Every structure is written in structure tokens, then in C-alpha cells.
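Engineer: What follows is the residue order along each chain.
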Amino acid sequence: MFSPDETKRIAELSRAVREQRPLVHCITNYVTVNDCANALLAVGAAPVMADDSEEVEEIASLAQAVVLNIGTLNRRTLTSMVAAGQRASALGRSVVLDPVGAGASRLRTDAAWTLLREAKVSVVRGNLSEIKALTGVSTATRGVDAAEEDLRGAGLHDAIAAVKALAQQTGAVVAVTGATDVVTDGDAMYTVAVHNGHPMLPLITGSGCMLSAIIGAFCAVAPEQLPDAVAAALGMMGMAGEQAAARTEREHAGTGSFRVWLMDALSQLDAAALAGGLRLERLA
Amino acid sequence: MFSPDETKRIAELSRAVREQRPLVHCITNYVTVNDCANALLAVGAAPVMADDSEEVEEIASLAQAVVLNIGTLNRRTLTSMVAAGQRASALGRSVVLDPVGAGASRLRTDAAWTLLREAKVSVVRGNLSEIKALTGVSTATRGVDAAEEDLRGAGLHDAIAAVKALAQQTGAVVAVTGATDVVTDGDAMYTVAVHNGHPMLPLITGSGCMLSAIIGAFCAVAPEQLPDAVAAALGMMGMAGEQAAARTEREHAGTGSFRVWLMDALSQLDAAALAGGLRLERLA
Amino acid sequence: MFSPDETKRIAELSRAVREQRPLVHCITNYVTVNDCANALLAVGAAPVMADDSEEVEEIASLAQAVVLNIGTLNRRTLTSMVAAGQRASALGRSVVLDPVGAGASRLRTDAAWTLLREAKVSVVRGNLSEIKALTGVSTATRGVDAAEEDLRGAGLHDAIAAVKALAQQTGAVVAVTGATDVVTDGDAMYTVAVHNGHPMLPLITGSGCMLSAIIGAFCAVAPEQLPDAVAAALGMMGMAGEQAAARTEREHAGTGSFRVWLMDALSQLDAAALAGGLRLERLA
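Protein chains in written order, with this note's numbering: chain A, -13 to 270; chain B, -13 to 270; chain C, -13 to 270.
Treat the hints loosely; a few may be bogus.
[To be verified] Facing chain A, from chain B, some residues (calculated, C-beta under 7 Å): (1) 24; (2) 27; (3) 250.
Because the hints were derived from the structure by calculation, they are not lab data.
None of these values were measured; they are calculated from a predicted model.
Glycine included, each C-beta is placed from N, C-alpha and C at the ideal position.
Let's have the full structure, built from the sequences with the hints guiding it.
Structural biologist: Structural data, given as C-alpha cells:
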């Protein structure tokens, strides 16, 4: 596990987000876009959603990070994503890709690869089947809100292999999320497991999309230490899930209340609480 | 009223949904799409939202049911709906149509008829003015979230006539929802009134759309008994509304809390509770 | 400050909304559209969302007011907005414009001006940077959910100048919202400050969009007294924010709960409570 000092350094990135209020430009699906905007506000960032090709380059120029999410993709928004990603990377800003549903249709798998090739994607975050689909490993996908895959034991080994493979292919920082999250950098010199999280998270839509948006906020304030930024975001979402799930169980509530309390937790977690709850483990 | 045994058999369909976790492909409006995804997850199904013509056939092939909802319709998504419906019906899967706002514009009325004609729609669910608009009975509509029409007394008689007319015209199972819900099959041999529900349900947007999505989940696990599946879904949504409304009144809360507790109830209702609360009456 | 009698007269407009249940047609962004629909229902109005050029004129004809919101704008929806606005104004109905993100991209600034020129906009509601962008005063915008600008002291003076300038340029009633809201009419004979509201409101997405939708509902029932209608809507949203924030602080909750309780408050505020809490000040 990370030492207390290392953990604290990672947790402090959340303070930087609240102090700097980075503007994060999201081109994202219409299913969870409201959740993404509220999650960004909850962690202290500022969202801007814009997907038309006539304006995405201007908006991306105003923002400190761009998040591209291919849920409910179409040709019009794919063009906009390429343009926004190119502009952001030309300005040296982080570009996060959430390949929602990669593997479920050729359009999505191809779109993810188009974005990896044409926009300089800094970070990819997906679930195991999505990440595997991008590495060319065939996998059976059940859509975008399928049950959390088991990333313990053999599953964890699988996940580590998948993120390393995609990171080496693309040069991006790659994160796979599930029961355990794994993040690695392009050289696979930094591979970290994040043991925060809760099985209730996949029982609501948007937990993955919100996480990708939050990763954008953390990358915006730590562009020189992207793997740490991603780990911090994964840990913060995981801890928020733990807190919301604990309350849901205590009050015998359901998924509607869990979703509200998840947002509460995101808005109330500060760097000190994060430092006390992050469970990060260096794997390489 | 249904016998306890009949009621229990219907209620058990909710257990099948939680056990089989059917994947439900929705092409739906952007107003309530998040609610539909969360409602599907709450009852134990898995949602996938995709509306681009390049991918809807692949996605529909992965899914166990398709739900077509014409709120915020446009030509691009109508084309996708036809393709998804055709693919699903070719594979023998259920296609649910929610004709949101039929009667309010020619585009919507025509689109609903296009879908009824070109995709083999298995189930239609709407409010009374929407169903009447599709039977050619002229009606004054006030949009898609108009107050619940009175389906008691003369209204109920009206509703029964409307669902039977549309079922005979189309061969689909047809449900009209309001103060009382009525479902009938194409031969009008099975006509059931569902007496669950609460007047608070139309005070939030999305209660109808969520219901249509949930119908998709129930049809996915009971393709051979669609009228029962629809009745089970209507009853489950109705009971969830009753439970959420009771809590809202008890805690002197408003529509924001009602909406959260409705989702809680959907996620917590199990087959036993459902069997104890369903109020189904055979009308024919 | 307004006299108790004047205040009461303004507050009574909320009763007219609940009694008349005006249908409000919104062409709005996909980020907060669900919030707008629920907010309209909460204050007693009925929402209808439709954005396709084939149906917007029919839908606008059914409605008592039209709300045009340029967040996540594109060419397709801009065309629809012009058509809906023209139809509504031809029928003598109110057209509300929310110039979300004006100043952040040329597309949005130009679109707002296109709508001001081609559809007879009755009311414009934005934050200070958006309103300034429309008056041609250059301003640095940080996107659409930027922190609330300080409208106290010098900021308030600035806001008054901006709304008067835009009102005189366009003939519309113009409202700027922030720590203090200001509304003025085209002749600048009526300028009112609304001192309701709370700093938590900009910590969730959609508070501005919901407000613009609610303004549509109030204008629908008081087309002959638009400045009063706008002031009533601003005050009601502000009071709902105060109530939700008080509960959030009392229960040590976060922004997720605040958002739910804001909707609760909107649905529970009646004319009497409003009369007791509105803080309106005539500035001219």
C-alpha cells in the first residue's frame, strides 16, 4: 500500500481542483450528461457541455481539459470530438476518452480507435470489456451498464494485462474500473490498484461517466502527473460510493437515495477525508 | 379480482427480471432517458441506449427487448427506430412502443403509425389521449405531461374501448395508463384493469417513459405471455408509486423527494411484496 | 422595498400558474432538460419538449409560452427555435430566451442575436457575462456554470446598466441573475431588484435553465404584465433556493440533497408563503 505521505500527496490533488475550479469541456452522451455536470460541480470543477462542430474548438480552447464519451455517439458528434480533442492537445491540455460500449457495436469500437489515433488522448477509462475490446481481445459485451465484472483474483490479473496492453499500444494512461480499479501509464512503469469502491456503484447509470468527467478535472490541475491524477479521481469516486452505500444500507434505502447521497459525498469529501480513506497499492 | 395464485404468478415475473437481467435497448427521448436507464437498473434489468442508424441493428441484436419512445423525435432517430424494431422482431424479441405526444403533432402521430406498420410492435403503452389519437378518434391533447385523465367511471369505459380498438387494428398488446390502467391483447380475449398507482405519478416527468422501459424488461423474460408481462410491469410501477407517495405524504415532502423514493421503491420491491400488493381485475 | 400589497399581488401570480396549468414548450439543451420539465411540473405548469422543425410550429401553437435555451445548440435546433419563436409571437404568446454561454463561442452569441432579431423575444434571462456579451461589452466568460458573479456593490451597478442597455436595444424585458437579480423592461421604466436566492444555487447545474423555464410559465398567465411575471418567477426560484439551502445546512447534506429539496420547495411553495418571503425592491 502507499505510505501515508504518498497517499496524502495524491489526496491533495482534490484540494487543487476545489481551489482552481478548472473548466472541463465534455462531449458526452445524453443519458448521463446531467450527472456528469453535477459531479464536476460537486468536486469543485466547472462543466461546459458543447458538441457542435461550429463551436467545439472555441469551447475546448477555454477549457483546461476535454472529456470525450462515446455513449449515444453519432457521426455529427464524432466529428466534434476529433476537433475538440485535437485543439485541446495542441494547447497541451489533457484529453480523457471514455469508450462507452466499445465492443458492443462496430461504430463504437471504430470511433474509440479514431479518437485514439486522431486526437492525442491522454487518458482512457473504461470497464474491463471495453478496454479489452480496444486491445483486440475478443470479449462478450452486454452493453454499457452491464454488471460489474469481477476484478478480484484471476480477474484482477486480466485487468492488469489489459490496461498495460492498451497503454503500450497508445501511450495513454489507461484505467480499468470494477471491483478493483487499475491504472497504468504508457511505459507501464506506474501501475496502481485502487481498492476503493462499492458494488452499488454499477446499480445506477452514470457512475462510470461521472468518473471519467472527474478524471478530466483532476488531470486539469495536474497535467504533469496524470497517473496520480487518475488514481486520485478513482479513489475519490470510490470513497464517495463507499460512503453513499453505507448510508443506503443503514437507512434501508434503494438506488434512488444512493444516487443522491453519492453526489452529496462527492461534494463533501475534502482532501483530509480523502487522505484518510484512499486505499492505493503500487503493483509496479 | 385475480385469485392469490394468479396474482402470485404475475408477481413472480419480477423475480425472473432480477435473475435474468435482460438487456433492454431503448431509443428514447432526451428528457427522461436517464430516468429510464435508472428504472431498468432498479428492477434488475440492464439498459443500453443507442440511436444511430449505424449501430442500432447490432445493439438490438444484443438485447432481449427494444423500447421505442417518440418523445423529442426527429427523422434521424425515426429511421433508427424502424431499423431496430425490424431487427428485434426478426429475432423474435419484443418491441415496445411509447407513442409520447401522439395527437400533439402530425410528425408524432405519423411516426407512431410508421412504427406500428414497419416494425412488428408487440406492445403499445400510452395515456388515453395518445391511444385515442392512434385509433383515429380525435382528441384534444395538451402535450406529453398533461394531467392524468380520469379513467374512473365513464373514463374507464372509454379507455377499455380505446385499447380494444387499437389492439384489434394492430394485433399488439395495448395498455392505457391513468388512474386505472387497462391492458388488452390483440384478440381482446384478455383485458385486465390494474388498480395500482397514485395521482402523484404524473406530477413528475418520466413516469410514463420509465413504465414503458420496464415493460420492455418484463416482456424480455416472458415473451410467450406478453399481456401478463405488461400487467406485471404496470402493477409494479403502480405499487412503487403508492409506496413513494405514502412516504411523501408522511414526511410532508414534495415532488423532488417523491421522484427519489419512487426509484427506491422500484429497486426494493420483490416478488413477495408485489404479490401482496397487486390489484388486478379481469375485465374479459 | 415593495409594499406588502404590491408583494402580495406579485406572489398571487404563482396561484394563477397552479390554477391555469399553462403548457410551456421548451426547446432546450439536453444537459438540464429533465430538470426543466420537473421544475415546470413543480410550479404547476405542464412541459412539452419538442425540437424538430417538422413539429415545433404545431407544438408552439398548443402552448401558452415558448422557452428557447441555447445550451448544446446546433444548426438543426436553431432553425427550430426561430420557427417556434415566430409562431408563438404571431399568436401573441410570450417567448423567453436563455442565452446560455453567450460570449463563450461565436455560435452562441450569434444564435442569441439571431433569435432576438427573428423571433419576437419577450424576455431574456441570463447571468451577467451572458447579458454583457449580448450588449457588445467584452467580457471573459468561463462557460455556462461559472461561479456566481458578485452582483453586490459595484457589481449590482454593472448589472443594472447591462440589463437596461439590452432592454433598450431589444425592447424585451431583461433579467440578470446572480447574488441579486435585476429585471427591467424595454423602456427601463420598471427596474426591480430581487433579493431572494442563495449561493448554493450555482453549485448545481440547471438552476438557471429551470428558472428560465419557470419564467415561461409565469409569463403565460400574465402576458400583460411581463416584468411582474419575471420578478415573481425570480423570487419563487430564489425562495426555493433559500429553503433548500437552509435544510441542506441543517442536515449537513451536500449538493445532491440540495437539488432534491430545491424541487421539493418549488412544488410546495404557495402564494401565501411567497408573499411572506419575497424581497423585491424598486430601483426605478
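Engineer: Each hint needs a verdict: does it hold in this structure or not?
Structural biologist: Going down the list of hints, with the structure as the test:
1. 24: holds, 5 Å
2. 27: Status holds, d = 6 Å.
3. 250: Check passed: Cβ of residue 250(B) comes within 3 Å of chain A, closer than 7 Å.
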